[in-house]
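S.K.: So the chains spell out like this:
Protein chains: 2
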Amino acid sequence: MSQSTPVFLEEYLKLHAADLADRLQRLDADEARALLRQLPTEKAAAALAETEDERIPDLLAAFDAVQLAKILEHIAPADAADLLQHLSPGRRREALGKLPGEIADGLRALLRYPEDSAGGVMSNRLIALREEMTVEEVRELLRERAQEERTEDIAYLYVTNQEQRLVGIVSLRDLVFRRAERSMGEILNRDVKFLRVTDDQEELARKFEHYHYLGLPVVDVDGRLVGVVRASDALDVARKEATEDMQLMVGLSGEERAQTPWQQSIRWRLPWLYVNLATAFLAAFVVGLFEDTIAHWTALAIFLPIVAGQGGNAGMQTLTVIIRDLALGEIAPGDGRRALVKEITLGLLNGLAIGLVVGLIGWWWKGSMMLGLVAGGAMVLNQLAAAASGVLIPLGLKSLRLDPALASSIFLTTVTDVAGFFFFLGLATMGLKWFGM
Amino acid sequence: MSQSTPVFLEEYLKLHAADLADRLQRLDADEARALLRQLPTEKAAAALAETEDERIPDLLAAFDAVQLAKILEHIAPADAADLLQHLSPGRRREALGKLPGEIADGLRALLRYPEDSAGGVMSNRLIALREEMTVEEVRELLRERAQEERTEDIAYLYVTNQEQRLVGIVSLRDLVFRRAERSMGEILNRDVKFLRVTDDQEELARKFEHYHYLGLPVVDVDGRLVGVVRASDALDVARKEATEDMQLMVGLSGEERAQTPWQQSIRWRLPWLYVNLATAFLAAFVVGLFEDTIAHWTALAIFLPIVAGQGGNAGMQTLTVIIRDLALGEIAPGDGRRALVKEITLGLLNGLAIGLVVGLIGWWWKGSMMLGLVAGGAMVLNQLAAAASGVLIPLGLKSLRLDPALASSIFLTTVTDVAGFFFFLGLATMGLKWFGM
Numbered sequence: 001m002s003q004s005t006p007v008f009l010e011e012y013l014k015l016h017a018a019d020l021a022d023r024l025q026r027l028d029a030d031e032a033r034a035l036l037r038q039l040p041t042e043k044a045a046a047a048l049a050e051t052e053d054e055r056i057p058d059l060l061a062a063f064d065a066v067q068l069a070k071i072l073e074h075i076a077p078a079d080a081a082d083l084l085q086h087l088s089p090g091r092r093r094e095a096l097g098k099l100p101g102e103i104a105d106g107l108r109a110l111l112r113y114p115e116d117s118a119g120g121v122m123s124n125r126l127i128a129l130r131e132e133m134t135v136e137e138v139r140e141l142l143r144e145r146a147q148e149e150r151t152e153d154i155a156y157l158y159v160t161n162q163e164q165r166l167v168g169i170v171s172l173r174d175l176v177f178r179r180a181e182r183s184m185g186e187i188l189n190r191d192v193k194f195l196r197v198t199d200d201q202e203e204l205a206r207k208f209e210h211y212h213y214l215g216l217p218v219v220d221v222d223g224r225l226v227g228v229v230r231a232s233d234a235l236d237v238a239r240k241e242a243t244e245d246m247q248l249m250v251g252l253s254g255e256e257r258a259q260t261p262w263q264q265s266i267r268w269r270l271p272w273l274y275v276n277l278a279t280a281f282l283a284a285f286v287v288g289l290f291e292d293t294i295a296h297w298t299a300l301a302i303f304l305p306i307v308a309g310q311g312g313n314a315g316m317q318t319l320t321v322i323i324r325d326l327a328l329g330e331i332a333p334g335d336g337r338r339a340l341v342k343e344i345t346l347g348l349l350n351g352l353a354i355g356l357v358v359g360l361i362g363w364w365w366k367g368s369m370m371l372g373l374v375a376g377g378a379m380v381l382n383q384l385a386a387a388a389s390g391v392l393i394p395l396g397l398k399s400l401r402l403d404p405a406l407a408s409s410i411f412l413t414t415v416t417d418v419a420g421f422f423f424f425l426g427l428a429t430m431g432l433k434w435f436g437m
Numbered sequence: 001m002s003q004s005t006p007v008f009l010e011e012y013l014k015l016h017a018a019d020l021a022d023r024l025q026r027l028d029a030d031e032a033r034a035l036l037r038q039l040p041t042e043k044a045a046a047a048l049a050e051t052e053d054e055r056i057p058d059l060l061a062a063f064d065a066v067q068l069a070k071i072l073e074h075i076a077p078a079d080a081a082d083l084l085q086h087l088s089p090g091r092r093r094e095a096l097g098k099l100p101g102e103i104a105d106g107l108r109a110l111l112r113y114p115e116d117s118a119g120g121v122m123s124n125r126l127i128a129l130r131e132e133m134t135v136e137e138v139r140e141l142l143r144e145r146a147q148e149e150r151t152e153d154i155a156y157l158y159v160t161n162q163e164q165r166l167v168g169i170v171s172l173r174d175l176v177f178r179r180a181e182r183s184m185g186e187i188l189n190r191d192v193k194f195l196r197v198t199d200d201q202e203e204l205a206r207k208f209e210h211y212h213y214l215g216l217p218v219v220d221v222d223g224r225l226v227g228v229v230r231a232s233d234a235l236d237v238a239r240k241e242a243t244e245d246m247q248l249m250v251g252l253s254g255e256e257r258a259q260t261p262w263q264q265s266i267r268w269r270l271p272w273l274y275v276n277l278a279t280a281f282l283a284a285f286v287v288g289l290f291e292d293t294i295a296h297w298t299a300l301a302i303f304l305p306i307v308a309g310q311g312g313n314a315g316m317q318t319l320t321v322i323i324r325d326l327a328l329g330e331i332a333p334g335d336g337r338r339a340l341v342k343e344i345t346l347g348l349l350n351g352l353a354i355g356l357v358v359g360l361i362g363w364w365w366k367g368s369m370m371l372g373l374v375a376g377g378a379m380v381l382n383q384l385a386a387a388a389s390g391v392l393i394p395l396g397l398k399s400l401r402l403d404p405a406l407a408s409s410i411f412l413t414t415v416t417d418v419a420g421f422f423f424f425l426g427l428a429t430m431g432l433k434w435f436g437m
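For the protein sequence lines, the chains are A and B, in the order given. According to my numbering, the first sequence is numbered sequentially starting from 1. According to my numbering, the second sequence is numbered sequentially starting from 1.
Simulated from the structure, these hints should not be mistaken for lab results. Being a predicted model, the structure only gives us computed values, none of them experimental. Please note: incorrect hints may appear among the correct ones.
One copy or two, either will do: identical chains are not told apart, so a pair holds if it fits within one copy or between any two.
For lysine-lysine, the following DSS-like pairs were computed, each having C-alpha atoms within a straight-line distance of at most 25 Å [what the hints assert, rightly or not]: (1) Lys-43 - Lys-207; (2) Lys-98 - Lys-70; (3) Lys-193 - Lys-240; (4) Lys-398 - Lys-240; (5) Lys-43 - Lys-193; (6) Lys-98 - Lys-43; (7) Lys-14 - Lys-193; (8) Lys-14 - Lys-207; (9) Lys-240 - Lys-207; (10) Lys-207 - Lys-98; (11) Lys-70 - Lys-14; (12) Lys-70 - Lys-207; (13) Lys-43 - Lys-14; (14) Lys-398 - Lys-207; (15) Lys-70 - Lys-43; (16) Lys-98 - Lys-14; (17) Lys-433 - Lys-98; (18) Lys-398 - Lys-43.
Bound conformation, chain A alone:
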């Protein structure tokens, strides 16, 4: 390090790679690149592997193809493939060209899988064993491998047959505990749970959550073992995937973050706001149908947003429970009807409980029992509409093979606004016509 090295470089060197990545993300692009160039390759590589996708293109600009190749060699292949995904095709080819052939081939294989599939998350740096190998032979093999390459934290080893198909699993613990002369075939567990390369993030998260393993093997379409996903990598995926729904629900991209530049945010958000606007005009059109009624009875304008808003809120409760249960895999195909019955029951009871209060307030505030009856009645009906749509919208989106969360709150409030306005103003019009004011 030269004399001009800033004092704080030593501080950075002491940090865990994940913490270093955090710091890099908080610096200006120029400062971050300058810092990266000063770091030893191993440290820079580890920090880049932990960096959020969005900042990667900026940071990689600090390096030429040879430096990039060195960085790629120092991190796990899954992380290296992620970095490569953020380079232009030209630079990617260049960097791969500077890598030893075997490593480059491995990375090219990983790049073929979508980033959000098991194939995209898995590491292909795995050790596959044969059934006839003994505990002692495996220990020896691991010792050799440990010297020739950086291996990852592993908890299990996988056993394959001659066609490279996965046949069983041996825990690293067994290698410590079992006697040296036992063969893999004797100690392996054949009931091995696995992922397919094409499994998406949701499936991946679900299998990890369901089975509680520290790692799951990944097989290709022919059942050949091609990689492994560790629970600690799945955790990342699971948290992002699970929380994505809350953004999709309100018409946001699952990828948006507080740090996303506003130019990108507006491109993601504005289209859904326009969709919402169109549905709002649909609801406004319903109000327009009853303009004469409102002109006769302006107190209706006060209660209009209450009936619609309360329906929207109760509907959001139902919608959110259903979407979360779908995401966590707690609703099976047959459960839709049961959920609908429960939510309709709740809608009726909530509707009566709220409708009664709204009706009494309407009567007391404006001195009109008719207003109370109309507001209370519309509230009950709209709570039923809210409950039904809260269940049916996500299940409907799912049956269309869309994400059940996709813009669902926008669709839901369309229903509760249109239905709320229609029930309330419709009842009011009937009341005016039949009973006068």
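Given the coordinates of chain A, work out where chain B should sit on it, guided by the hints.
M.R.: Frame of chain A, contents of chain B only:
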């Protein structure tokens, strides 16, 4: 098994414990208990460990204290403590009394920690090593332990000093790879990340996501090693914890599921619906202030819900991004101001883009330029209010040490309704007064 054993029992026996638990949860309470009694203790215990909390009290009713004690012995202590938490204090004491003293003491220690803390999630069945032990001695120790008790999948071993304080970590891999005569002191890594027993689920999930380890040790207030959390257990916690926010946002309990009985659901949901109703009347009161204006100009009633609803929608987008980033730990303390500036910018631009369209439609539909100006202007102002409250509500809740998601959508729509109605009807009243219609 007796002759009357149903045919399908054999099918159940072949299932993975997690899949068996799924089946149990889909049976009637009576059928489930009958099935549990027929299963071998080990299988029943494994299935109960995987069962959702809600069904546990029902299922445990199948067993007497002696049977319960046997079940508790067959599962990981953390799972056993979870089961015990669902028994009445009397039955709990009875079951603990039937267990060997050492195991009962371990469980009593675990029961002292809240279920949603690192202490509540951790396993206390861990192997702590001393620095002076050699690789060979540790291998021997593990072999002995493997025979006397069920050990869990482990990836790391922890090294403690004489005061039982955590001093370093050794990976299981090292035990396979390193030479037999090396001591733990020579091969351990002193830079060990850890959890504190009091860390809550959110902190736990964040540390796992940040550092990507397969396991983290847990220390008590004095720095003594008391347990270990595996990444695969953290994954469960992380998914539930991360998605809890989407329910809290809309005024739901984080624990509600589609399967929750309606009697419980209504007790959780109705109070927040009443809070929402109170805030809706606050907004209605604002509308009531301008009843004369509406009586003069009923077209306002049509645009009223559009201005408010569009503000609510845009505000929900901001709110959701902020809450998700807070949950995933991607917003640091200093980032609040930056997020506010970004969202206000977006609010202004979205407001102009939507306000223009609303204004033009208002002008064209009702032939009144004034209506267009009022609607468009109110839309811009309300988008700014939405953006500001979308950032400030979660940060405000956080600074009050509440969950940033808690009922935040109810608070947000209160702001966007009140502000939207006030801006729109206020501008309309000014327009009527100064320019006529």
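S.K.: As a check of your reading, is Lys-70 near Lys-14 (CA-CA no more than 25 Å) within one copy, between copies, both or neither?
M.R.: within (21 Å within a copy, 49 Å between copies)
S.K.: Go through the copies and call it for Lys-398 and Lys-207: within, between, both or neither, with a Cα cutoff of 25 Å.
M.R.: This pair counts as within: shortest intra-copy Cα distance 19 Å, inter-copy 33 Å.
S.K.: For the identical chains here, do Lys-193 and Lys-240 meet the 25 Å Cα criterion within one copy, between copies, both, or neither?
M.R.: both (23 Å within a copy, 23 Å between copies)
S.K.: If the cut is 25 Å between Cα atoms, do Lys-70 and Lys-207 qualify within a copy, between copies, both or neither?
M.R.: neither (35 Å within a copy, 29 Å between copies)
S.K.: Is it within, between, both, or neither for Lys-43 and Lys-207, if the alpha carbons may be no more than 25 Å apart?
M.R.: Between copies only: 20 Å across, 33 Å inside.
S.K.: 25 Å Cα cut-off: does Lys-14 pair with Lys-193 within a copy, between copies, both or neither?
M.R.: The answer is between: 14 Å across copies meets 25 Å, while 39 Å in one copy does not.
S.K.: From the Cα coordinates, with 25 Å as the cut-off, is the pair Lys-43 and Lys-14 best called within, between, both, or neither?
M.R.: within (10 Å within a copy, 48 Å between copies)
S.K.: How do Lys-398 and Lys-43 come out at 25 Å by Cα distance, when the copy is not named: within, between, both, or neither?
M.R.: neither (44 Å within a copy, 35 Å between copies)
S.K.: Could you figure out if Lys-98 and Lys-43 sit no more than 25 Å apart (CA to CA) within one copy, between two copies, both or neither?
M.R.: within (20 Å within a copy, 54 Å between copies)
S.K.: Could you figure out if Lys-240 and Lys-207 sit no more than 25 Å apart (CA to CA) within one copy, between two copies, both or neither?
M.R.: both (16 Å within a copy, 15 Å between copies)
S.K.: Give the relationship of Lys-207 and Lys-98 under a CA distance limit of 25 Å: within one copy only, between copies only, both, or neither.
M.R.: neither (37 Å within a copy, 35 Å between copies)
S.K.: Could you place Lys-98 and Lys-70 in one of the four classes (within, between, both, neither) given a Cα distance threshold of 25 Å?
M.R.: This pair counts as within: shortest intra-copy Cα distance 9 Å, inter-copy 60 Å.
The structure shown violates the earlier hints numbered 10, 12, 16, 17, 18.
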